[in-house]
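2 protein chains.
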Amino acid sequence: MPEYKAPLRDMRFLIDEVFDFTNSYATIGADDATPDMVNAILEEGAKFCEQVLAPLNRSGDEEGCHYEDTVVTTPKGFKEAFAQYAEGGWMGLASDPAYGGQGLPHSLGLVIGEMVGSANTSFGMYPGLTHGAMAAISAHGSEAQKQTYLTRMTEGRWTGTMCLTEPHCGTDLGIIKTRAVPQADGSYAVSGTKIFISAGEHDLSENIVHLVLAKLPDAPAGTKGISLFIVPKFLPAGDGIGERNGVSCGSIEHKMGIKASATCVMNFDEAKGFLIGEVNKGLNCMFTMMNHARLGTGMQGLCNGEASYQGAVKYANERLQMRSLTGVKAPDKPADPIIVHPDVRRMLLTMKAFNEGNRALAYFTAQLLDQLHSPDESKRQEAEGLLAFLTPICKAFMTETGVEVTNHGMQVFGGHGYIREWGMEQLVRDARIAPIYEGTNGIQALDLLGRKVLGSQGKLMLAFTKQVHRFCEANTGHADFASQIAELARLNKQLGEVTARIGMAAMKNPDEVGAAALDYLMYCGYFILGYLWLRMAMIAREKIEQGASERGFYEAKLATCDFYFKRLLPRTAAHLAAIEAGSESLMKLPAEHFSA
Amino acid sequence: MPEYKAPLRDMRFLIDEVFDFTNSYATIGADDATPDMVNAILEEGAKFCEQVLAPLNRSGDEEGCHYEDTVVTTPKGFKEAFAQYAEGGWMGLASDPAYGGQGLPHSLGLVIGEMVGSANTSFGMYPGLTHGAMAAISAHGSEAQKQTYLTRMTEGRWTGTMCLTEPHCGTDLGIIKTRAVPQADGSYAVSGTKIFISAGEHDLSENIVHLVLAKLPDAPAGTKGISLFIVPKFLPAGDGIGERNGVSCGSIEHKMGIKASATCVMNFDEAKGFLIGEVNKGLNCMFTMMNHARLGTGMQGLCNGEASYQGAVKYANERLQMRSLTGVKAPDKPADPIIVHPDVRRMLLTMKAFNEGNRALAYFTAQLLDQLHSPDESKRQEAEGLLAFLTPICKAFMTETGVEVTNHGMQVFGGHGYIREWGMEQLVRDARIAPIYEGTNGIQALDLLGRKVLGSQGKLMLAFTKQVHRFCEANTGHADFASQIAELARLNKQLGEVTARIGMAAMKNPDEVGAAALDYLMYCGYFILGYLWLRMAMIAREKIEQGASERGFYEAKLATCDFYFKRLLPRTAAHLAAIEAGSESLMKLPAEHFSA
Numbered sequence: 001m002p003e004y005k006a007p008l009r010d011m012r013f014l015i016d017e018v019f020d021f022t023n024s025y026a027t028i029g030a031d032d033a034t035p036d037m038v039n040a041i042l043e044e045g046a047k048f049c050e051q052v053l054a055p056l057n058r059s060g061d062e063e064g065c066h067y068e069d070t071v072v073t074t075p076k077g078f079k080e081a082f083a084q085y086a087e088g089g090w091m092g093l094a095s096d097p098a099y100g101g102q103g104l105p106h107s108l109g110l111v112i113g114e115m116v117g118s119a120n121t122s123f124g125m126y127p128g129l130t131h132g133a134m135a136a137i138s139a140h141g142s143e144a145q146k147q148t149y150l151t152r153m154t155e156g157r158w159t160g161t162m163c164l165t166e167p168h169c170g171t172d173l174g175i176i177k178t179r180a181v182p183q184a185d186g187s188y189a190v191s192g193t194k195i196f197i198s199a200g201e202h203d204l205s206e207n208i209v210h211l212v213l214a215k216l217p218d219a220p221a222g223t224k225g226i227s228l229f230i231v232p233k234f235l236p237a238g239d240g241i242g243e244r245n246g247v248s249c250g251s252i253e254h255k256m257g258i259k260a261s262a263t264c265v266m267n268f269d270e271a272k273g274f275l276i277g278e279v280n281k282g283l284n285c286m287f288t289m290m291n292h293a294r295l296g297t298g299m300q301g302l303c304n305g306e307a308s309y310q311g312a313v314k315y316a317n318e319r320l321q322m323r324s325l326t327g328v329k330a331p332d333k334p335a336d337p338i339i340v341h342p343d344v345r346r347m348l349l350t351m352k353a354f355n356e357g358n359r360a361l362a363y364f365t366a367q368l369l370d371q372l373h374s375p376d377e378s379k380r381q382e383a384e385g386l387l388a389f390l391t392p393i394c395k396a397f398m399t400e401t402g403v404e405v406t407n408h409g410m411q412v413f414g415g416h417g418y419i420r421e422w423g424m425e426q427l428v429r430d431a432r433i434a435p436i437y438e439g440t441n442g443i444q445a446l447d448l449l450g451r452k453v454l455g456s457q458g459k460l461m462l463a464f465t466k467q468v469h470r471f472c473e474a475n476t477g478h479a480d481f482a483s484q485i486a487e488l489a490r491l492n493k494q495l496g497e498v499t500a501r502i503g504m505a506a507m508k509n510p511d512e513v514g515a516a517a518l519d520y521l522m523y524c525g526y527f528i529l530g531y532l533w534l535r536m537a538m539i540a541r542e543k544i545e546q547g548a549s550e551r552g553f554y555e556a557k558l559a560t561c562d563f564y565f566k567r568l569l570p571r572t573a574a575h576l577a578a579i580e581a582g583s584e585s586l587m588k589l590p591a592e593h594f595s596a
Numbered sequence: 001m002p003e004y005k006a007p008l009r010d011m012r013f014l015i016d017e018v019f020d021f022t023n024s025y026a027t028i029g030a031d032d033a034t035p036d037m038v039n040a041i042l043e044e045g046a047k048f049c050e051q052v053l054a055p056l057n058r059s060g061d062e063e064g065c066h067y068e069d070t071v072v073t074t075p076k077g078f079k080e081a082f083a084q085y086a087e088g089g090w091m092g093l094a095s096d097p098a099y100g101g102q103g104l105p106h107s108l109g110l111v112i113g114e115m116v117g118s119a120n121t122s123f124g125m126y127p128g129l130t131h132g133a134m135a136a137i138s139a140h141g142s143e144a145q146k147q148t149y150l151t152r153m154t155e156g157r158w159t160g161t162m163c164l165t166e167p168h169c170g171t172d173l174g175i176i177k178t179r180a181v182p183q184a185d186g187s188y189a190v191s192g193t194k195i196f197i198s199a200g201e202h203d204l205s206e207n208i209v210h211l212v213l214a215k216l217p218d219a220p221a222g223t224k225g226i227s228l229f230i231v232p233k234f235l236p237a238g239d240g241i242g243e244r245n246g247v248s249c250g251s252i253e254h255k256m257g258i259k260a261s262a263t264c265v266m267n268f269d270e271a272k273g274f275l276i277g278e279v280n281k282g283l284n285c286m287f288t289m290m291n292h293a294r295l296g297t298g299m300q301g302l303c304n305g306e307a308s309y310q311g312a313v314k315y316a317n318e319r320l321q322m323r324s325l326t327g328v329k330a331p332d333k334p335a336d337p338i339i340v341h342p343d344v345r346r347m348l349l350t351m352k353a354f355n356e357g358n359r360a361l362a363y364f365t366a367q368l369l370d371q372l373h374s375p376d377e378s379k380r381q382e383a384e385g386l387l388a389f390l391t392p393i394c395k396a397f398m399t400e401t402g403v404e405v406t407n408h409g410m411q412v413f414g415g416h417g418y419i420r421e422w423g424m425e426q427l428v429r430d431a432r433i434a435p436i437y438e439g440t441n442g443i444q445a446l447d448l449l450g451r452k453v454l455g456s457q458g459k460l461m462l463a464f465t466k467q468v469h470r471f472c473e474a475n476t477g478h479a480d481f482a483s484q485i486a487e488l489a490r491l492n493k494q495l496g497e498v499t500a501r502i503g504m505a506a507m508k509n510p511d512e513v514g515a516a517a518l519d520y521l522m523y524c525g526y527f528i529l530g531y532l533w534l535r536m537a538m539i540a541r542e543k544i545e546q547g548a549s550e551r552g553f554y555e556a557k558l559a560t561c562d563f564y565f566k567r568l569l570p571r572t573a574a575h576l577a578a579i580e581a582g583s584e585s586l587m588k589l590p591a592e593h594f595s596a
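Heads up: the protein sequence lines correspond to chains A and B, in order. All residue numbers for the first sequence refer to full-length UniProt numbering, where the first residue is 1 and numbers rise by one. All residue numbers for the second sequence refer to full-length UniProt numbering, where the first residue is 1 and numbers rise by one.
If we strip away everything but chain A, and leave its shape as in the complex, we get (with noise of 0.2 Å):
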């Protein structure tokens, strides 16, 4: 399997050369993150994840999680790797002090999820979906509730979870059947299914607290109708857990992938549940967890995608196969490596160039997240428009190419790709899940489209695109990347114009909006990617010119900046044309008339 080394070169280039955290801490008020602390904590989280949670990894996938009577056993390993997760204090890295949290910013606690994620994915689902909750009930609950919940789980004492999906729905939680009746103490007795809850029953916590989607017996239908819950496995009883709740898990699923990961059926059978915000806001409550969850589950394709370009370098290097095409390169051996062969290079290439440019996306998006605490009202407001024009695209496109990068990875791998202990083919099992849940690409795709770029009136879109817009002014005839400035330049130029377009055709026919989404989705993740790649090559070439030591690392970010705007920018030209043609080549083919 491959062995996991965090890429701290890479994160603290992002970190420090493009993005200037340091800076951009000191406007939020979060001083205490000097670039000194901000090292220490990269790597003790480096050394934590490389030697704890990496090894699990493996024997997690194989081993899974065991059921037997509402009890849900880990795989072996995991629960003292929990509790050196807490221990560490990990859990309440940028979690709010007044609960016992060390309040340093998200952006850093999205730096250590990625290194937990591409150790261990599974592991990263339990601290992952807490940190949802607890998201949940610092935005939402009552003082009461947040000291009685948010410090426990801070400690990592109590996980949480989110639960929403039930047998009969996913995407449309207007039609959830969960019921909540309120009860003379003010309190809720909860009863229904919800399935596929992640982390719903374990045995690394004392206590686990459900949030959970539930209607009242009065409720408006659909949406509007929809309340949030606290249903704790256990209740509450001074500083720690007394009677056991009416919540048990009924089953596990048996899953392609992210195995050590208990994905639960739960029942709730009149279990106490404490209501969260406001009577039918549920939604909006659940909104705040899942769009942190949705930038955490665009992670994973990272994640994984790391993982994978890891494992495919080293075995490029190893592999001898066949003699480059241009003459024997190791004369000493009975072939040459395989990285000289430029089909490998192209798939090396391709993930390399995903990953670090997804990397730029996450934290650049982390960025803004961290800048919704800014004092500077303008700021805030600024940020959340371009948090709520990215989000989408960095849980879908992050996703879709995470799952690219761990197929490249295995192919790079030949046929030993394809067994099981390489460890490259669980790469590609454990993130084959990150493009279906948390809301699927297409709903992902319909709300950047629909809901976001659409319903402001290209409002959230041109905020972005501006933003492009400058760099690419401040840049045009620039000496070393003139005609990928132009390039980027022309391509945002046509997202306005395809954008107006699809406008214009979705307010004579609806359908015209969901026919172009998902390719208009990735076409802005392509675009996006550019514009980060471009920034990136940029500072690069500038340490080049200062005569930086590191000359290597930053070549290979011009190298792959090239590749990227020669190889894979292209790729907008084919999603532009899947948008061009409308919804019709869609939708004129009758339901019956799909199978024959």
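Mixed in with the good hints there might be a few duds.
No distinction is drawn between identical chains; accordingly, a pair holds when it is met within one copy or between any pair of copies.
[What the hints assert, rightly or not] Within a straight-line C-alpha distance of at most 30 Å, the following computed BS3-like cross-link-like pairs (lysine-lysine) qualify: (1) 314 / 333; (2) 588 / 543; (3) 566 / 493; (4) 272 / 79.
Think of the hints as simulated: they come from the structure by calculation, not from any bench. Since the model is a prediction, treat every value here as computed from it, not as a measurement.
Put chain B on the given structure of chain A with help from the hints.
Same frame as chain A, now just chain B:
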């Protein structure tokens, strides 16, 4: 799990209406294969695959093969199913009547093979490898070898394997270490270890006939020193088997998919081997098997794609989720079936367009295989040339798109797609081996562009593009398809031009071939499917004009062709850009700088 129904209507459309197999059967003297007989065989094959093989597909995946002390046990039911397969005469359907076969055309065998592989890909590996071994013995074996081995294999009493790969080499067969030492009795003592041997050991047949690549002690280095040997598990004796030979299974692999197919490490310890063909010409003999196997592997992309499509269409018609953006479509239900949503249709139509296009490509190619038996030498030569060009495209394009198709099928199911019991994720895992084995798709691409197209100074490509040219000329300005004809003609011309440019560049730098190869192959695949989709659509249009009763079937062809041209064929633009990018952006990064 998706219930498999053989797509007989679509098969007949190609066999009868598009390619007129009856007429071409007559030209190769296969007059027995009358339309009635062909139909009867297809229906019998469909029944067997639907009722016997398909029900073993999920259980075979869950159970896998088991190994204990050199013995391999296949999953429950496989032994009985294989006995039925053999008794039904399916093994010898297209084999030489001189050795017990039914002598029907290869194209018919391929259609049956499609059903077998769609119903149960793992099961299909056992007859698939046997057919490959039979092809090699048939082409290169002595009369005595044919009498001994072919007859038993035709009966299904004995099965076959291809033993090429060794731990240190797969692609690079020139460096194999397995040795064959001549013995006094004219046989050879074969020693060495072969890995990834599909059907290398199992409990389905009385004997297993290994075709093994090995080197004589005095053989020249590299691929010119490889010979091919028959090494049976049991030495033949009388009408059956005698002494156990010195070959045994050391272990089986734990794989991502095709788990019911035994992938074996085979140890040869002075095993008695019999030379097949000439000394040091083993690779040529193996190519006979490999060409056969490459089309068969390409078919696996279609097989898994078809099974996935059937599951996805059914689910999309049944699963209720959200309302259509253009208004409620199923007012009596809590939500509309998801097939109303444009993005779901995008996935389904992508699947349909690739599957039916790939089926057309496979049957088109199979018809050429039949023509290798034409009494007319010019016909044989023409077929050989086209096959040389098409075979690597079938293998790589059909498997790349097969992986895409199965992933769409899984995505249509949302979260349920990731759960094993639904069977959709198995199809992704089973399909994923096909781009790897029988020569990775990267190797197929090099074979196509380097060996075939440039190696023939473009002649092997021209034979095909001339056919398309004539088709476009004959249909320029067609009342219904003028724009598609024009687009096809443009791509045809572009293919010639870009090939010439690569050829020029490759004279200066051989890496230009490897840099362009995979995108070149994919470009060719999209282009060829465009040609075949147009041929299908034009026939469908005629049938509608003639008032054919199955109007829905033909209209689906028109709609899918339209979809293909509007939304999939434009991907050629991205591949063209990647080809035109040349090798520089791939080769300039030093190997040591791929990692930071």
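A quick look at each hint next to the structure:
Only within a single protomer do residue 314 and residue 333 lie at most 30 Å apart by alpha-carbon distance; the minimum there is 17 Å, versus 54 Å between protomers. For the homomeric pair residue 588 and residue 543, the shortest alpha-carbon distance between copies (19 Å) is at most 30 Å, but the shortest distance inside one copy (55 Å) is not. Within a single copy, residue 566 and residue 493 get their C-alpha atoms as close as 19 Å, and across copies as close as 23 Å, so both meet the 30 Å cut-off. Taking identical chains as interchangeable, the C-alpha atoms of residue 272 and residue 79 lie at most 30 Å apart only when both belong to the same chain, with a minimum of 28 Å there against 54 Å between chains.
In terms of the numbered hints stated before, the structure departs from none.
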